[in-house]
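A.B. asks: Here is how the chains run, residue by residue.
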Amino acid sequence: MRQAPSRPRGPEPDPVIEAYKKHVDRTLLRENLKLTPGERLEKLAAFMRSLREVQGAAGPGRR
Amino acid sequence: MPPARVAADFGGLLRALRAGDVDFIVVGGVAGAAHGLARATYDLDVVYARSPSNLERLVATVGPLSPYLRGAPPGLPFRFDAANLRRGLNFALTTSLGDLGLLGELTGGGGYEDLLSDSVEAEAYGVTCRFLGLERLIAVKRAAGRPKDLEAIAELEALEEERG
Numbered sequence: 001m002r003q004a005p006s007r008p009r010g011p012e013p014d015p016v017i018e019a020y021k022k023h024v025d026r027t028l029l030r031e032n033l034k035l036t037p038g039e040r041l042e043k044l045a046a047f048m049r050s051l052r053e054v055q056g057a058a059g060p061g062r063r
Numbered sequence: 001m002p003p004a005r006v007a008a009d010f011g012g013l014l015r016a017l018r019a020g021d022v023d024f025i026v027v028g029g030v031a032g033a034a035h036g037l038a039r040a041t042y043d044l045d046v047v048y049a050r051s052p053s054n055l056e057r058l059v060a061t062v063g064p065l066s067p068y069l070r071g072a073p074p075g076l077p078f079r080f081d082a083a084n085l086r087r088g089l090n091f092a093l094t095t096s097l098g099d100l101g102l103l104g105e106l107t108g109g110g111g112y113e114d115l116l117s118d119s120v121e122a123e124a125y126g127v128t129c130r131f132l133g134l135e136r137l138i139a140v141k142r143a144a145g146r147p148k149d150l151e152a153i154a155e156l157e158a159l160e161e162e163r164g
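Chains as they are written, first to last, in this note's numbering: chain A, 1 to 63; chain B, 1 to 164.
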């Protein structure tokens with residue numbers, strides 16, 4: 001995806017966000033970055049369908 | 001226990017908005033996913049242009065999808081028309097294609113015209129749409145200051161780092 005013009009960096013690093021960042025699975029992000037935006041959104045739709053199927057298998061009303 | 005939430009038909013909604021020639025920018029979780037975010041998201045959020053002609057196109061496009069205010073009790077006399085869109089700003093809707101957020105403005109981000117220069121075009125689900133750029137997406141999520149966004153912001157920033 002072509003990126004919008006770059007702007008000056010925003011606020012300083014937030015310690016809470018930095019703490020969360022340590023737990024981000026970057027392997028998933030790297031795999032997604034190999035795809036086109038369209039492929040990423042197809043993947044999202046497929047993931048949401050599979051999530052729905054799992055929820056359905058767990059029984060009515062389960063989340 | 002409430003019923004499981006069903007994800008919107010993202011492709012169906014985007015194709016409808018494009019077919020209706022609506023001016024909009026995809027924001028939120030779907031925009032994050034277009035950039036590479038690996039998180040579940042259930043609704044499609046778009047920032048729409050507030051020009052009178054665009055409001056008319058929005059009504060013509062979304063009106064047939066049985067829009068109703070999300071979370072509102074059934075039976076309210078809600079009319080999805082240009083007059084109500086002008087009177088309001090942000091609308092969280094249910095539609096026959098799933099949940100749709102119509103945002104006149106983003107906290108800390110402004111409206112369609114303010115975001116346009118920081119949006120990017122990409123093809124998805126067979127149509128070309130505008131998505132908010134990654135850097136601006138992070139900025140508006142930070143500005144919103146919602147605790148529920150902290151993990152998503154961390155992942156978006158990690159994504160930005162990985163992209164280099």
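Hints are not guaranteed to be accurate.
To be verified - Per label pair, the in silico range of CB-to-CB distance:
| no. | chain 1 | residue 1 | chain 2 | residue 2 | range |
| --- | --- | --- | --- | --- | --- |
| 1 | B | Ala143 | A | Ser50 | 28 to 34 Å |
| 2 | A | Thr27 | B | Gly75 | 29 to 35 Å |
| 3 | B | Leu69 | A | Gly56 | 22 to 28 Å |
| 4 | B | Asn84 | A | Leu28 | 36 to 42 Å |
Said to hold, decoys possible - Per the computed footprint, the stretches of chain A lying under chain B, defined by three or more beta-carbons under 8 Å from a beta-carbon of chain B, are:
| no. | region |
| --- | --- |
| 5 | 27 to 39 |
| 6 | 44 to 53 |
The hints are simulated quantities; they were obtained by calculation from the structure and are not laboratory data.
Small disclaimer: the values here were computed from a predicted structure and weren't measured.
The beta-carbon is built from N, C-alpha and C at its ideal position, and this holds for glycine as well.
A.B. asks: Can you list which hints this structure breaks, lowest number first?
C.D. replies: 2
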